[in-house]
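As a plain string of letters, each chain reads:
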Amino acid sequence: MRCALALSLALAAGAASAQTPTPRPGDEGAAAAREPFRDAPGVTPLHEPLRDTANARDTRIRVRGFFRTRGDVGLNWDLGRGPTPSLPAVWPTPYAERAGRNTQTNLDMRLRLDATADIGWGVSLHGRLHVLDNLRWGSVPEGEFVGGAVNQSSPPDPIQVRQLYAQVLLPFGMLYAGRMGALIDWGTGFFINAGNGLDDDFGDVGDRVAFVAPLGGLLWSVAYELTASGVGSDALRPEIKPAFDLDPSDDVRTFAFSVSRWDAPATRDRRLAARRTTVNFGLLGAYRSQSWDLAPGSTPAINTAIRRDLDAFVGDAWLRADVGSFTFEGEFAYVGFRIGNASLDPAAALNVETTGQQIGALLRADWRASPRFFARVEFGYASGDSRPGFGARPTNRAARAGDLDGPQLDLTTTPRDTNINNFRFHPNYRVDLIMWRRIIGTVTDAWYVRPMVRGRIWSMLSVEASVIGSVAVQPNSTPSGRAPLGVEADLGLVYEQEHGFVARLDYGLLIPLAGWTNVVRGVDPTLAHALHLVMAFRY
Amino acid sequence: MRRAALLIVCTAACAAETVEPRLPTPTDGGFITLPDSGGVACRPNFDGVIARDEVVFAPGVEVRYRTNPSGTAAPVDTRGVDAGNGRRRWDFSSPAGDRVTLSLQRAEGQWFAATFPTAQYAAALDPRRSDLGVYRAGDAAVELLGVVGAAESAGTSVVYESPVEILRFPLRVGATWTVETRTRPDATVERLPVASQDRYLVVVDARGEVRTPAITFTDALRVRVEVTQRFPSGSGARRIQYLWMAECYGEVARITSTDGELNPDFTSASEYRRLDL
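Chain order of the listed sequences is H and P.
Quick note: the first sequence uses my numbering, first residue 201, plus one each step.
Quick note: the second sequence uses my numbering, first residue 80, plus one each step.
Okay, chain H solo, but in the shape it has when bound:
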C-alpha cells in the first residue's frame, strides 16, 4: 500500500519532466482514406507496414539501469549471546562447525534494465526488468556433487518484469496506466521508497491508473489501484480466455490522493547552488478496502468465501526547507487499519477485530559547509507494540518474552491483544549496516539518533562516517526486555567514476547494548562487524 501512496508524487515527478511532443501534421488519415481496400474484411493492404513506418513520429527508445554486484563479510552477527526462546540465535549461524566460526560471506548480483519508449504524440511506454535478481554467486551449481560443478544453472525465475506502464500527456494533465512503482522517493523515503537505489533490495509495484495535473503551483494527483483482483473466471471455467475477474466483492482496492510542491533533483541542485530558499512539501492519503476474500487454495463458492471487512487508511505529510547552506526536513506517517475477520478459514470466522495504529516520523537537519563537506543529524521514530519481538519479520510462531520477532497480536491473552501497533520503516531506508539492516530487518519499535558526515577527499573519492544510537520504544520487544539496543559506527568509502561506475565499501561496528543481553543465560552480547562492498556498472 505504501507504494500506491507513493504514486502520487511519483507521477507528479513524471508530469513535471514530461516532454512536450512536437506535433507535425501527419497524413495518416489521408493515406487511410486513399487505401482502396481499407474496408475490405480480411484484406491487408500490402503497403500498410510501409505506410506505418513512414508516419511514425519521433520514436526514441532509451535504456538505462545498472549491473551491480555486492559482497559482504559478517562477523559475529549473532552477537554471541546464544539462543532466544524460539531461535538458536538472533542471526543464523554457520551450520557445519559447532563453535569457533561466526564469520559469513556473501556475493550477489542484479541487472536492472529500465527501458523507455517515447512514441511521440505525448505517449511513452516504460518498463523495468530485473535479471538474476539478487542471485547469490554460486547458488545454482549444476550437479549434486557441487565440488565437481563446472557450470551454473539458470535460476527458476531469471527475469522479472517489475514494471510496465504507459503515460500520455493530455491537455489537462498526465495520465498513467499499468504496473508501476513509486518512480521517485516520496519525502525522506522512510515510508514510501521507490527502491531505485544502487544498493536497494525491495521495491513495491502496483497495478494502477493515475492522473496528475498541475494547478495553482502544486501538483495534484489521484490514483486508483487494484491491489488484488481475487479469483478469476478460470477457476470455474478454464476454457474462457482471457480469464475475467469473477467477483468484484473480493477485490482489494486502493484510492490515493496527493498534493505536493516538489522540485526535480536538477532544479533543486540549481537552487541550492544559488543559495535560494526553497520549500517543498507533500501531503498524501490513501484508503484501501476489501469486503470478501477467498480461502487460499479453495474453489470459489459461497462456502469458501470469507467475510473480510478490511479498511485501511494511510496518511503522510512531508516538509523540506532549504535555507542557505542548511536543509531542514521532516516527515510524519500514519497507518491505521481494521480487519473485521482476519481468519483465512471460511469455516471459522474471528469475532474480534484486528486493528492497528502505527506512527512513524523522521526529522533531519543538513549542513552543506562547502561543495566538499556535508553533515546531517537525523532522528527517527517508529511506534512499537508491547508484544514480544520487534514485529519486523513476524512468523506464525507465537512469540515469547525474549524472542527476536513474532506476531504483534495475541488473541489468547485476557484481555485479547488485537492491535498491531509497530510501525515499520521501509526496508530500503537504511540507517546502518548490521543491527537494523541485517539482524532486525528494518527500523521498527524504536527511536534513533544518527549524525553523519561526508567529505570529498578527491575528485572521485568520498568518505562518509556515521554513528547511530538506537533505543526500543517498547522494552518488552527486545530480547532482554531492556530498551537500549545499540550503537553502531559505520565508515564508508565511495569511488565514483563519472556516471558509469560506482564502488562503495563500508565497514560497520555494532556495539550491542542491554537490549541484547541473554538474561536467561546471563550472557552479554559481543561486538559485531560488517564489510559491505557494492560495485555498480551504470549505463
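Simulated from the structure, these hints should not be mistaken for lab results.
No residue lacks a Cβ here, since even glycine has one placed at the ideal position from N, Cα and C.
Hints should not be assumed to be uniformly reliable.
[What the hints assert, rightly or not] Chain P regions said to be covered by chain H (calculated; three or more residues, Cβ under 8 Å): (1) 143-155; (2) 294-305; (3) 323-336.
Please arrange chain P on chain H, whose structure you already have, making use of the hints.
Relative to chain H, chain P alone:
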C-alpha cells in the same frame, strides 16, 4: 457424588481435537488462519458430513475453552434460532466464565496404561475436574474405554465391559445409535466400588452456525447424547449433553444438563463450555 462423577464420565466425548491457531505471517498476507496446522492436513468441505479424517486426535494438543465455574448453573439456549434452509444458529459468544485448558495426553506410559492396553489418549472429562476419560480413536469411531483419576492415588478406575462409541463416523444429521454397557466389577471411584448399567442414545440432530466468544463456526453439527444409568440399588440417573462438532475443529462447544433433566430444550446447564483462544 460418586454417581455424579460417573455420569460426567459417561457423557464425556472427544475432548481436544482442535489445534493451535496459526498466527499471521508475511507470506500469508498477515492474516490468521485457524484450521489445523503442524502437519495435520484438514480442510473443511462444508458438506454437512464430518468424516473420520476431518476430526483430529493428536496427543499433546491443548485447547482452551471458556466455561462456567464448577458447581454453578449457567443459563443456556440449546435451541438456538432458525437460520433458514433447515439450519440453526447458536450464540455462545458470552465471555462469561473461566478460561480452562484441556490437554490431550498420550495414554502410553501413564499409570493406567496397563488397564487400558488399547487406549490411545486420555483427556479430562471436564476441564474443571481432574478425572480423565480414556479413549481409543479408530477408523470409524471414537470410543470411551473408561475413566481414571489423574493419579493412581485418587482411587478412581472405571473400565467399561464394552467400549462406548461416543462418536461414530461419518457424522451427519439424522445419524443415531445406541450403546449399552456396564462397568466392570472392579470399578472404583475415589476408592469406593461402583457399578452401573449405562445406556447412551446418540443423535446428530441439527446443523448450523455456532458463535463462540472469539470464533464463529459457520457449519457445525449438534450431537445430542442422552445418558441413562441404572445402579444396583434400583435407582437411576439421567443427563442430556449437547456437543457441537465442526469439520477440522472437532468439539467447539458443549452443554451438559443438570442431573435428572428430561427436557431436551433445557435452559440451565451444569457445564457450558465453548472454544476460546
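Cross-check of the supplied hints:
no. : hint    : result
1   : 143-155 : violated (count 1)
2   : 294-305 : holds (count 5)
3   : 323-336 : holds (count 4)
Of the numbered hints listed earlier, the single one contradicted by the structure is hint 1.
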